[in-house]
Amino acid sequence: MDDILRAQTVFFRLGPFEVNETIVALWVVSAIMIVAGILLTRNFSWLPRGKQNAVEMLVETIDSFVGFVMGNERRFFTPFIGTLMILLFLCNTVGVWSFGLLRPPTADINMTLGLGLISFFLINGYNIKSHGLVGYLKGFVSPFFLLLPINVFGELAKPVSLGVRLFGNIFSGLVIGGLIYSAFPFLIPVPIHVYFDLFSGVLQTAVFSILTMVFIAMAMD
Amino acid sequence: MEWNSFAVAAFGLLGAGIAMIAGIGPAIGQGYAAGKGVEAVGRQPEAQGKIMLTMVLGQAIAETTGIYSLVIAFLLVGLARAVIG
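So the sequence lines, in the order shown, correspond to chains B and P. Heads up, the first sequence is in my numbering, so the first residue is 1 and it goes up one at a time. Heads up, the second sequence is in my numbering, so the first residue is 1 and it goes up one at a time.
Errors might be hidden in some of the hints.
Said to hold, decoys possible - Simulated pairs of lysine to aspartate or glutamate, EDC-like, Cα-Cα distance not exceeding 20 Å:
| id | chain 1 | residue 1 | chain 2 | residue 2 |
| --- | --- | --- | --- | --- |
| 1 | B | Lys129 | B | Asp221 |
| 2 | P | Lys50 | B | Glu73 |
| 3 | B | Lys138 | B | Asp221 |
| 4 | P | Lys50 | B | Glu60 |
| 5 | B | Lys129 | B | Glu73 |
| 6 | P | Lys50 | B | Asp63 |
| 7 | P | Lys36 | P | Glu46 |
| 8 | B | Lys129 | B | Glu155 |
| 9 | P | Lys50 | P | Glu39 |
If you are wondering where the hints come from, they were derived from the structure by calculation, not from laboratory data.
Construct all of the structure, not just a fragment, from the sequences and the given hints.
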């Protein structure tokens, strides 16, 4: 299991941590997001023009999407969901914009399970925040106490299925792409890239963020 | 290689292949959901956004079993590789 899940080059070690391809690719993605965030939001004017129009359009699209899925009164999740969407989009389509130099960070189960854990803490945190600790614990024994193990397991399965879904889709895309490259090195892989890198990447971005939003909204209701 | 570890590796790899038969289930389910989504859009084109969202959500949840079988297959391949060494 260790072999197939972490068959990555380790560049160097930082104490107990291995700096492998996932970490480096994630550094590149973070650097792009930070630099783009600083450069694109500099000197905004009251009258938008040029790049400010594009940025405002992106933010408004995400904002209205969050309002559409979670309800208009929960639009304060837009910064988190928007960051998640941009991060996942850049991570999933890494093979396209880096011309195959970087390995998709989301093809590593450690990264996706980490994102699943973030969602897990958000879901349970907002559940406690909106229902109180007693109401939250009461939710586990509803509709009656015999369902306690099923409810606990269902709650624990959410982050696992979120993380493993993303990992499975991206990693299987990587594996199938590699297999096709070894069989037909020319021309045939192009539509495969369009499907697995672009289409599947965008779709999994949407699925991960929609599921996170729906789970949080369900926990808050 | 001794016979015992050979058998473990062989059956582990075979099991990984067999585990992926589970992919049939999500494929049928997702196709059915997509077909129903098309029907619903045909009936109510103005509700396309809501239908699309519900359909993708349902498909993502239907996919979970397929993902679990993928995880089992990974575990079995990893086992086989660990035995072969």
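Hint check:
no. : hint                   : verdict
1   : B:Lys129 with B:Asp221 : holds (11 Å)
2   : P:Lys50 with B:Glu73   : holds (18 Å)
3   : B:Lys138 with B:Asp221 : holds (14 Å)
4   : P:Lys50 with B:Glu60   : holds (19 Å)
5   : B:Lys129 with B:Glu73  : holds (16 Å)
6   : P:Lys50 with B:Asp63   : holds (16 Å)
7   : P:Lys36 with P:Glu46   : holds (16 Å)
8   : B:Lys129 with B:Glu155 : holds (17 Å)
9   : P:Lys50 with P:Glu39   : holds (14 Å)
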